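Novice: For the protein sequence lines, the chains are E and B, in the order given. Number 111 in this note's numbering belongs to position 111 of the first sequence; there are no gaps in the numbering. When you read off a place in the second sequence, starting at 1, and then add 361, the result is the number in this note's numbering.
No lab work stands behind these hints: they were computed from the structure. Given the structure is predicted, the values throughout are model-derived calculations rather than measurements. Some hints could be false.
Claimed, not checked - The calculated label-pair distances, taken between Cβ atoms and stated as ranges, are:
(1) W538/B - L158/E: 44 to 52 Å
(2) K421/B - G208/E: 17 to 25 Å
(3) F207/E - D411/B: 17 to 25 Å
(4) N624/B - G92/E: 30 to 38 Å
All residues carry an ideal CB built from backbone N, CA and C; glycine is no exception.
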Amino acid sequence: MAVDPASRHADPSQDAAVASPAEGAAGFLIGEAPEKDPWAEGQHAPAIGPWKLAGRRLRRNKLALSFLGLFIVLVALCLLAPVYSHSIAQIGPNTNNVTGTVNVRGHSENVVSLDGVPIGPTFTRHYLFGADTNGRDLAVRLLYGGRTSLLIGGVATLIIIFFGTLVGLLSGYLRGPVDAVLRWFMELIWSFPPVILGVVVGTALAFGGIGPIKGNSIFIPTLIIGGIYIPYLGKPIRGEVLRLREMDFVDAARVVGISPWRIMLSEILPNTASTITVFVPIMLANAILLEAYLSFLGAGVQAPNASWGTLISDGLNYISTTPTFSLIPGAMLVLTVLSINVVGDGVRDALDPRAQVRIKT
Amino acid sequence: MARFIVRRTISAIALLLATSFLVFSFFELIPNYNPARAIAGRNANQTTVDQVAKKFDLDKPFYVQYVHTMKLIFTGQVIDYQNDLNVVDQFKTRFPVTLSLVVPAAMIWLVVSILLGSISALRVGRLTDRLVMVGAIVGVSVPIFLLAALLLYLFAYKLTWFPNTGYTHFGDSPTQWAYHLILPWISIAVLSIGFYSRVLRSNLLDTVNQDYVRTARAKGLSQRRVFRRYVLRNSLMPIVTLFGLDFALLLGGAALVTETVFNLPGIGQFEASAIGNLDVPPILVGAIFTAFFVVLFSAITDVLYAVLDPRVRLTG
């Protein structure tokens, strides 16, 4: 039984620290953040900070780096959607073309056949991946849908990180009634499965909108997804803050007379940074997956907007005749989530080398 | 033990009431939602809407509606808005379908993920470990509905090994029952296999460094015995908690995606269509049903914990 020399904690009595991988509908994230001791690092390598060390470890992880590259390529492709739509496919994402024809290698074919089956992949500039029931170009919708999926996932992640950290800090540092109220809200959200809660709230809000936001706006799924996952970050951050607030440097700051807000923001927040960093990719992957589930069940992105979830759902009716209709958006979705998960694992291993403890049995 | 059961039962009843009240009041908060108008249809005139409101007591104050609906639910008389179906009867006839979907799927995922997690941890850093972990991370990255679509395409349409959709009762023909359910079982199991085997591997790698494992080895127990009795047994505890909750949620209708894609007439499918129409009674019954299983399985989990770890004592 040999412990990796890079490990900061050779102490095996530490609690099991499982930063959970992204997971989908049925289960829950495990909210335990890996425990960090920011001071111990210096004992082994006095000149190098923990972040720099983590950066080095991440750079050595070729698998994580290549998936980071893949993720960047996928995002770039989706961002270039208007260019593709305008210059190559020459059709908009919501342009119907039910009665049109397309020239496939010399002969013309109906975009949507007379009995209503959309054309499959042509592998030409028009209808590269085929059409949908309304004769819309699937490749164009795939890229625009990707923009929607990534936008919702990205903004929802920002919401989760901001409010999750805020709630965790307030709840853990102030304790008392603030903690009681915030914890009650977190437990309430936490106790419903994300997909079911999201679908009920999504359907309800798509029905009437909220205030100035219309029912078919993509901000509704964004807000719902952000709101649902706040406790999944808030609870582990709260735990971390509860531990940190008892430490000597916080006492010192309190004795000197620094205001609670300053202590929270400049003493405690920096020490939760590595936990937050570990959670960013996990939350992004989960947000994108939840968006897909909601859209698939009709409670997420509303027509005429597309997302990968709605495209897979639309294509499911043609799974026997034109499987590419739902499998191509599906492949994009899986590649995106997979690349985020692999990078996330790399980041976690880099920040928490204890996860790589070697065993001989 | 008796004390444990009494205390748990009391807190369970409180939780069920709280859940139902929260879910019911949520529908009061939806902007622009008038259930009577939704039931009567888009073109109904005011008289029809009023009649509908009277039929479902929607013209009464909120708390009266709540008490009335709860009374109907517990006397088994509650009907849904859309099709005038008795919701409790629907749950009774549909629950066996959900059971046949969820129970075997849960067995598959539990056995496979314990096997894969153990193999991976025992061969850590080697090719087997890498392959299992790659498989697991792909497993957690694929949404259930997409996996279901892929399985349908490959095995039902392309290879025609399995029927595409539908359900046969176990009593009618056990072989047909299994034959129709294999693809749905796989769809549900893969995600959890990926997730559980990752968690188990990481738990095993943590547990193996504990002092009591070193002691067990030092006193000369065989590797196999140390692994089974000490390492695996202690690493299974978080899995037990996860499993209890996941299993409870699935029994309560969380398998709605799989049931929808494979057209299985279970609770989830009923719930999915009720949610799509904002049909309050089935959603309410579903929430109570799910909460019941969550409470039940959290009690069972606590008992199992006490069995797995002699240090744990049962307290309410």
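Novice: Sort out which numbered hints this structure fails and list those numbers smallest first.
Specialist: none
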